[in-house]
Amino acid sequence: MFNHNYLTVEDKRFHYIWLRDNCLCPQCRHPTSFQKIHNISDRTTPPKPLSAELGKEELTIDWDENPSHQSIFPLSWLMIHAYDQPHRRREKGKEEKILWDKSGIEAYSLQYHDFPNCDRTSWVKELFQLGFTFLENMKLEELAPFLADNIGPIYHTEYGAFAPVKFKPGANDLGETDYPLSPHTDYPYRYNHPLLVCFYMVENTVMGGESVLVDGFRIAQDFRKDHPDYFQILAQTPIQFQQFYTEFQYYYQRTQTLLKLDYQGEVEEITFGHSHVYNWDLPFEEMEEFYAAYSAFFRYLENPDYQYCIRLQPGNCLLMQNARILHGRKAFSTNSGSRHLEVVYLSWDYFTGRHNFEQHKHLYLSNN
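Residue 317 in full-length UniProt numbering sits at position 317 of the sequence shown, and the numbers go up by one each step.
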């Protein structure tokens, strides 16, 4: 089990410096905030164990220190945090994504989760894997408490906590018209990503107005394979998004790449809103090539083979990961009835944070 600078537990190696730095005792980690107290920089020599005992459920280490110090690690905790493996950094609690196109999502057993009788884990898992999920039979007055209890505080926009989307003469936004809306992410012109978007349908009696959902991560994957040069252009070229609000007296501007990559080079966020891109300030020599890449990606978004179309009914609640799922709307006739949608925004971090808490609380709270 011992080596000169690490020990092995269940075929996983752990450096002494890592074990000492991550000691779980209350002198090294605050017992209720779980924040680290021990300062590893106080050491002038690498930590060394006097002894280590591996039991059925925990590892106990006595360190060569003055005064003496002992660390106890549950084996379950060690295995969760083991870093000795083919190295690919892991996001703890992350569900495996299911990337989909039209045929894929139609073959998937989608369900409308019945509120309030549905199992929370089912719609949470679906939201993680697919990027969206449906709930039904919810009253509008139940929406805010449901979101607060299950996810977190509502994000207030210039519209307030709820943003009504219905036909409005002199509209501030295309969403308030009867025009079709191409697939887009919300608020590409503001610095508040990542968002969780909630659509609640209040009334929908118009002809047309179906909602369109697109898996941006699936499209990005296919686009990268088919057009690697265009993909790199969209991942490396920041462009300007903007929104001028006459009613609210705001003029938002944001510069962002359409495709944002993580440290592994994988797409982690998509920002797209054709109605909000203006006056790109690109070098003359790059403008035509960027338009070629942009237009090619846009055609993927508009391809019916990638689009899942649904008609939201009153009482339906649609939750979406804004950085992944692009949504649009088909045109509708204002003379045929009424269409009233309420939109609510939350931080995606609240959603992932609550999920991670449920997944890992046993590692923190079992001894408290």
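Heads up, some of the hints might be wrong.
Restricting the straight-line Cα-Cα distance to at most 35 Å, the calculated cross-link-like pairs of lysine-lysine (DSBU-like) are [as the list claims (entries may be wrong)]:
(1) LYS125 to LYS330
(2) LYS225 to LYS260
(3) LYS36 to LYS97
(4) LYS330 to LYS97
(5) LYS36 to LYS12
(6) LYS361 to LYS330
(7) LYS225 to LYS56
(8) LYS102 to LYS125
(9) LYS97 to LYS125
(10) LYS36 to LYS361
Have a look at the derived ranges for each label pair, beta carbon to beta carbon [claimed, not checked]:
(11) ALA82 to GLU203: 48 to 56 Å
(12) CYS309 to CYS118: 46 to 54 Å
(13) CYS309 to HIS81: 41 to 49 Å
Hints were generated in silico from the structure; no laboratory data involved. Glycine included, each C-beta is placed from N, C-alpha and C at the ideal position.
| task | Return the numbers of the hints above that this structure violates; sort them in rising order. | result | When the structure is compared with the hints, numbers 6, 7 and 12 turn out to be violated.
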